[in-house]
Structure formats: C-alpha cells, structure tokens
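2 protein chains.
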Amino acid sequence: MQFFDKENPIGVFDSGIGGLTVVKRLNQCMPNENIVYFGDTARVPYGNKSNTTVIEYATEDAQFLLQKNVKIIVVACNTASSVALNHLQEKFEIPIIGMIEPGARRALEVSKSGKIGVIGTYATINNKAYSKKIKELDSNVQVFEKACPLFVPLAEEGLIKHPATKLIAEEYLSGLKEAGIDTLILGCTHYPILAETISEIMGEGVTLVDSGEAASREVRKYLEGRGLKNDSNSIGGNKFYVSDIQTKFEEIAELFLGKKLDFFDKVDLEELFRK
Amino acid sequence: MQFFDKENPIGVFDSGIGGLTVVKRLNQCMPNENIVYFGDTARVPYGNKSNTTVIEYATEDAQFLLQKNVKIIVVACNTASSVALNHLQEKFEIPIIGMIEPGARRALEVSKSGKIGVIGTYATINNKAYSKKIKELDSNVQVFEKACPLFVPLAEEGLIKHPATKLIAEEYLSGLKEAGIDTLILGCTHYPILAETISEIMGEGVTLVDSGEAASREVRKYLEGRGLKNDSNSIGGNKFYVSDIQTKFEEIAELFLGKKLDFFDKVDLEELFRK
Chain B
1 MQFFDKENPI GVFDSGIGGL TVVKRLNQCM PNENIVYFGD TARVPYGNKS NTTVIEYATE
61 DAQFLLQKNV KIIVVACNTA SSVALNHLQE KFEIPIIGMI EPGARRALEV SKSGKIGVIG
121 TYATINNKAY SKKIKELDSN VQVFEKACPL FVPLAEEGLI KHPATKLIAE EYLSGLKEAG
181 IDTLILGCTH YPILAETISE IMGEGVTLVD SGEAASREVR KYLEGRGLKN DSNSIGGNKF
241 YVSDIQTKFE EIAELFLGKK LDFFDKVDLE ELFRK
Chain U
1 MQFFDKENPI GVFDSGIGGL TVVKRLNQCM PNENIVYFGD TARVPYGNKS NTTVIEYATE
61 DAQFLLQKNV KIIVVACNTA SSVALNHLQE KFEIPIIGMI EPGARRALEV SKSGKIGVIG
121 TYATINNKAY SKKIKELDSN VQVFEKACPL FVPLAEEGLI KHPATKLIAE EYLSGLKEAG
181 IDTLILGCTH YPILAETISE IMGEGVTLVD SGEAASREVR KYLEGRGLKN DSNSIGGNKF
241 YVSDIQTKFE EIAELFLGKK LDFFDKVDLE ELFRK
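These protein sequences, in sequence, are chains B and U.
Here the working numbering is used: position 133 in the first sequence is 133, and no number is missing along the way.
Here the working numbering is used: position 261 in the second sequence is 261, and no number is missing along the way.
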C-alpha cells in the first residue's frame, strides 16, 4: 500500500494556519521528512463549531491528504483532535496522531506537583479532552482548564506582546495561577505564538507544554519504530494547501511557520468531495 | 409571485450572528413585519475569505431565504454586501438591499465637514466598498478607512467596555481621529455592540452611523413605496436559522438582538444545495 513508503510525505491538517506551528516543530524534529499540509481556511475556525460539523470537516481534510499519498496523518488542530480523532482512526487505516495524547503524556512527564493547567478553544475545553486523557493516564493528577478564545485572533493579528494581549491573558490565566499549577498545556496550535507573554504571566515555576512539539516526537518515534523514517540526506520539502487564500495569508503563515512558505495552493474541498 | 405579498417575511442573512444587530433595527423600525434570518455560523467569518468564496456562500444564503418566501432580502453583512451584492441582484429577481449604500447615504446626510471615516473587516476595507460608494454619490468628500479585525471577536466575547478593548480601539481609531472626521460609519454589523467605547474614543464631535439602522429605513421606504408593508396590527415574529449551533450561541445572540430568541433552528446548507 502506498502509504507504507519511507519517501512519502507526512500529512498534516488544521482548521486554518495555526497548525503551521506544528509543521515548524515537525521540521525541527525531522528535517528530512516531506510534509503536505492542508489548512481549511475557508471554514476556519473549528473551535466554536458543533461536534458533528467538526467531524464532517475533519473527515474531508483527511481524505484530501490521503489523495496526496501521505504515510501518516497529524491532526494539528486541538479541536479536531479532541472531537474527531477516534472517528478518523476508525474510518481510515492509516496511522493518525492527534494533539491531545502527546500533550497529556508530556505534561505528566514534566509536572512535579501533579497540578496541570490546560488552555484551549471553547470546543477543546468544553469537551474536557485533555483532562479526560490526563486522568486516564494518571488518576492522581489535578487538572485545571480554561478556554482562551481571544488568543487565536490576537495571535493572527500579530499582537504578540501588545498590552491588550497581556491584559486579556492576565484575566484568562489568573485562575490557573491561583490554582498553583506547575505545568501548562498550550492546547491550541495558535498559542505557541503567545508563549512568551503566557510564560511571563505564569512565572518561572510553570513549564509550558507545546502539544505540537510533543506530537512531533511521537510521530518520529512511530516512524522509526516501523522503519518508515525518511532516510534521505536532503532537507525535506513542505507543500501547503488551503481551502481559501485569506487576507494576509502569507504574512501570518510566515509568523507561524517561522520562515517563508516554499509552495502553496488553493483547493476546493467542497468541489472535490461533494460534486 | 409569492414574494409580492405583504404578509410574507423580510429575509435577512449574515455570515453569522452579527446581523442580529440589523434585525434589532428592523424590529424597531417595522415592529409588525415578520423576519426570517439566516446566519451562516458553520462558515463564519466571511470577512477574511476571498471574494469567490464569499459570493458562493452569499448565493446559497439567499437561496435558502427564497425558499422561505421572503418578499425582500437584506444582506446584513457588510462583507457580503461589498463583495456579493451586485452578483445577487443580477442573479435573483427579488429586491435585495445591502449595508453599503444605505450607510454611505446616511453618512453624507450627517457629515458637515465632508470628512467621513469608515471602519470594518479586512474584506470590506480592502474592497473600498464604502469609499467608492460615497465618492460616487459625492466626489467632494474625503473618506478615511480602517480595518478593525479584532472588534468582531471582542464583541462576541462580550468584552464591550473592557480595558483591552479600549486599548485596541484607541490604536485602531487614532488615525481617524487625527484625520479630523466628523462622521464614522460602523461598517460591520458587530460594531454597534462596541458603539459606546468607539464613541468615547472619537469624542462628541463625531457622529456614528449604524449601517443596519440606515438599511432598515431604506427597507421600510421600499416596502411602503410598493404597498408591501405588513399592515397587520400584531407584532411580527422572528425566525432564526443558522448553519451551526455555536458555543454560547443563545447568549451572544441575545446580546446582539437585545432580547431572547423566540425560535431558532439549524439547517445544513451544504446538504440542501450540494447533494
């Protein structure tokens, strides 16, 4: 089967461009891998949509990546991971790795106090995705969750260290500070962009866990374990597909990926799967 | 034809729930009219999507309202008005009223200095929708435009008088203040929610124009002129349809409409028009 080939790309999808922070981590972790990314920018955001809608969209996103002969799929969207991962894993044969379990495992490795905080979109927090997974892995841990919906637009507008961002972050995070957590999961792919501001507010005693980084390590481990790691000596290529070219797309994408995009194109998912 | 009947409802659509500020104005202006509202919450926001995508979505929104036998359609979304109105007016026979021309006319009535400001989403501002229309009506006027993308999430989060909202608003509006405008068009249906904060920053010398209010008057004038005004003595009913029930939907809707929703339901546009 095609997707069991070393040379094939890693597929990554997200509701929009936030998942580029995960591509950045994958590139750092496995520079020789090729990556095909799909960002559903025509239907972004998923974070405030119903579970049914998110599952429908995530299924289409995965189908698009399968057409690109990917060897593994990374769901670089916490909302889709928390809502649709089980569904995708049941529906498709290919290995599919989400954000939640890697982030939860990493937080448990890091935490000494057993008090872990999680921030994310309404969908991720309301689904209690992280707290359920963490408690499944270790029932003695206390988990404190907080939805921070404005972090996504603030990150996309590049207001990374803006006083308004600090004010909003202080409000969002005050309860987690009071709870005395020592570990905070950034449960949304946009949030690493605001890591410095978040870290300043939480203080030195709190370690931030980037789920994208944790997931990248799990992808590497998985590929190595199955002899599927790309052993080419050259740097892999990234191809980016989106369902709409948004205003300021390249500018925001560069902020999230940490470098310019090599290649991007627009695809119409609805046309692909509906007509 | 069905839509030339007085008793038939006024159809209103928006990318999401922002258009409820327009429904509020329509209710105030014509309490006896029935209203059918469609909010495309599964695909919101339109403001950062490409023109092609916005036209496609707006066409489907209008088609849904036509199925509800509306007698007139109000495009209660500045982005869709600026991008798709001409297309909709060519495609459908029914009268269709957008936000731009009514807002532009009202600003020209109000302004004494001939210096008019416009705030809106990236799409509305980048398309220069208001400035083109204002200059078409009066070429001697100076128009100053500014995209305020964070106003939408701030309004939806209910941070109406929050210090962070004030900080962001001060930054967005400083150029318009310096330009010495005496009239400011709120060129996005979410912005009336933030009117008090915006007005405080702009000062007493600046009149705010609510395009939804201006459009409501034009709808009334149109219906009266054609004998299509509902002459029932009872208060009309509002029916709200959305393409997704978002988190906090009822709460936000109430904030925007100024009262509780009588009736709402979810419809799947994609299923309706694609399958």
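By construction, these hints were calculated from the structure, which means they are not laboratory data.
Every value quoted in this text rests on a predicted model; they were computed, and no experiment measured them.
Warning: the hint list may mix true and false statements.
[Claimed, not checked] With the Cβ distance kept under 7 Å, some of the chain U side facing chain B (calculated, not the full set): (1) K49; (2) S131; (3) P163; (4) I168.
Glycine is no exception: its CB is placed at the ideal position from the N, C-alpha and C atoms.
Which numbered hints are broken by the structure, listed smallest first? Of the numbered hints given earlier, the structure breaks just one, which is hint 2.
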